[in-house]
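Residue numbers (full-length UniProt numbering): 1 to 662.
Calculated from the structure, these hints are not laboratory results. Mixed in with the good hints, there may be bad ones.
[Unchecked claim] DSSO-like, lysine-lysine: derived pairs with alpha carbons at most 27 Å apart: (1) K661 / K82; (2) K368 / K204; (3) K368 / K656; (4) K588 / K567; (5) K206 / K588; (6) K274 / K368; (7) K331 / K204; (8) K486 / K408; (9) K333 / K368; (10) K486 / K424; (11) K274 / K333; (12) K204 / K333; (13) K335 / K588; (14) K82 / K115; (15) K206 / K333.
[Claimed, not checked] Just the calculated beta-carbon pair ranges, DEER-fashion: (16) A623 / A60: 46 to 56 Å; (17) Q203 / S239: 25 to 35 Å; (18) A42 / S566: 29 to 39 Å; (19) I545 / E227: 34 to 44 Å; (20) G53 / E438: 39 to 49 Å.
Don't be surprised by glycine CBs; every beta carbon is placed ideally from N, CA and C.
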Amino acid sequence: MLRALRITSRSKLSKPSVSTGLFLVRRAATAAPVDAKKSLFAPLDTFQRRHVGPDDTEVADMLSKLGYRSMDEFVGDAVPAKIRIANGSVNDQSIQPLSESELMVRVRQLAQDNKSFRSYIGMGYWNAVVPPVILRNVMENPAWYTQYTPYQPEIAQGRLESLVNYQTMVTSLTGMHIANASLLDEATAAAEAMVMSFASSSQKRKTFLVDSGVSPQTLSVLHTRAEGFGIELKIGVISELVESPDVLSSTCGVLVQYPDVDGSIRDFGALADKVHQSGAILSVATDLLALMLLKPPGEWGADIVFGNSARFGVPSGYGGPHAAFFAVSEKLKRKMPGRLIGRSRDAEGNPAYRLALQTREQHIRREKATSNICTSQALLANMAAMYAVYHGPSGLRDIAERVHSFTKTVAAAVQKMGYEVENKTFFDTLSIVTENAETVHAAAARAGINFRRIDDTTVGVTLDESVSPTDLVDIINVFASAIDVKPITADALEVVEQNMIPSDLQRTSGVLHHPVFNKHHSETEMLRYIHHLQNKDLSLVHAMIPLGSCTMKLNSTSSMIPVTMSKFSNVHPFAPLDQVGGYTTMLKELEEDLCIITGFSACSLQPNSGAAGEYAGLSVIRAYHRARGDGARDICLIPVSAHGTNPASAVMAGFKVVAVKS
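Could you put together the complete structure from these sequences and hints?
As structure tokens, this is what we get:
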């Protein structure tokens, strides 16, 4: 949501719009365009006035010193005529901006088009409770959201320390040796795990086995990524897929989910042994909160562990952005994608943090890199780390036990009504069998609730930290209403003592032993810790940042405010389309505006970073040639001066890279 949120006004007279900060904003057309300088009615709080550094006098002075009378004259000399926009399609009439106050009005209008349903859909996305001290002092604080990539560690010690907390949190919960500072999302993290497995076999083994219990959006991303590398995906019941020795001998890796998308908790220990005996890599998608109660994958043989860390205090935001966690065994650390923060010493011998093991990254290895990833979801990773620091091991266990207990209460209640819970083991997710799932969904809609649509007879229910006893009653009464059973009251809620996690898969090892997770548990202590770290950083609250690249941007305060509005932040990505009218309008108009600005005919908002955008574009080019019968056109010319992600992305899309001098 942080990357995509865009506010517009659409009327019969309105036309496409421009971007300011995180939001592209539109002003509804009213009368014929007038000169704003001469109009008494023109807004004073324009983005240009508040957020473009030089004013008219300063611009004129700079132009004069350069020997120019106007900006048009300067641009005419600076930008070759062949590449200038000639048709005038991008102007204040085709894309009309809102002022800051008008933006707030439009934001609230769009927010009303997003319906406030309670979603218990799951599938890797949960409602999060963001502690106010973290919301106000990290998520809404420009000292945390405006810093640049920490290539200069001397001005980034605060955020680097927080990212080390994140890495420590992930390794502790997963039981793995090392973790990176986050990836872009869980599904692409799965793709990275697959490619790591492929690379570990020296690209000789081309089969990757995936259990059918993996989330469907992850399967979709795996299909696309596998095509570029020529990897054969085999999806099914994993115990059956590994039966054949011939299959295993050509398999580079295996992927399972723990707990799986339908809620079941399975013992994969024997599978791990079998995979390792065959020389393959075992990857596991998992849930950090569940690992407070479940035996960590690192203790039963996982080589790669990944998932979505947004459950630790990051809003769902219609699907993101969220920080994916990614942890590996010691032997795989030099093939791991993404940023890795390590502890070193400064010039005076004091402990200091910096980016580590960079020789494995795309800016050095280029087309030989395992991954094109050159960034991380640092703000969201920092929020998740702060969440773990604030709650500590005891607080996190309390949250996990409450979620599990509430899920047991729902299971017991619906079983008493005659429903069957298909999965006999679970942490927070139930697959409930009914004669007619549509009847349940209709009853849920009347109650303002969303469940997962598994099939015609199965309904998925996933609980989370946000669920209250009142929510429990409402969830249970949806199932009662669907079969005309008398509704229950809070007094009838049952406390179930039986643990639905298999005894041999219950966590016995400790977690989060580092002192940082065991002392900042009051709001005042947490507030001081957050500010202690931010004072070690240089951000826009201090000065201009002495670096510039594709990640430099303006996050104006007025553009950030809507990000934390509940009707934007608490929307599940799989909510029905009739509940997300505000998002649909916003995203559609953003696509239209970007097409006007770029001169293209279509636009995708799916890429989560510049590198992901490169990969998406190159994949489209490759598919275009194949669709025309030109599959042999598989060479991509890339200047030697190009960013390292370019050749890495080309290889991912299935191209052979030929470097050319620039």
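Taking the numbered hints from earlier one at a time, note which ones the structure violates and give those numbers from smallest to largest.
Hints 5, 6, 13, 14 and 20 are the ones this structure does not satisfy, whereas the remaining hints hold.
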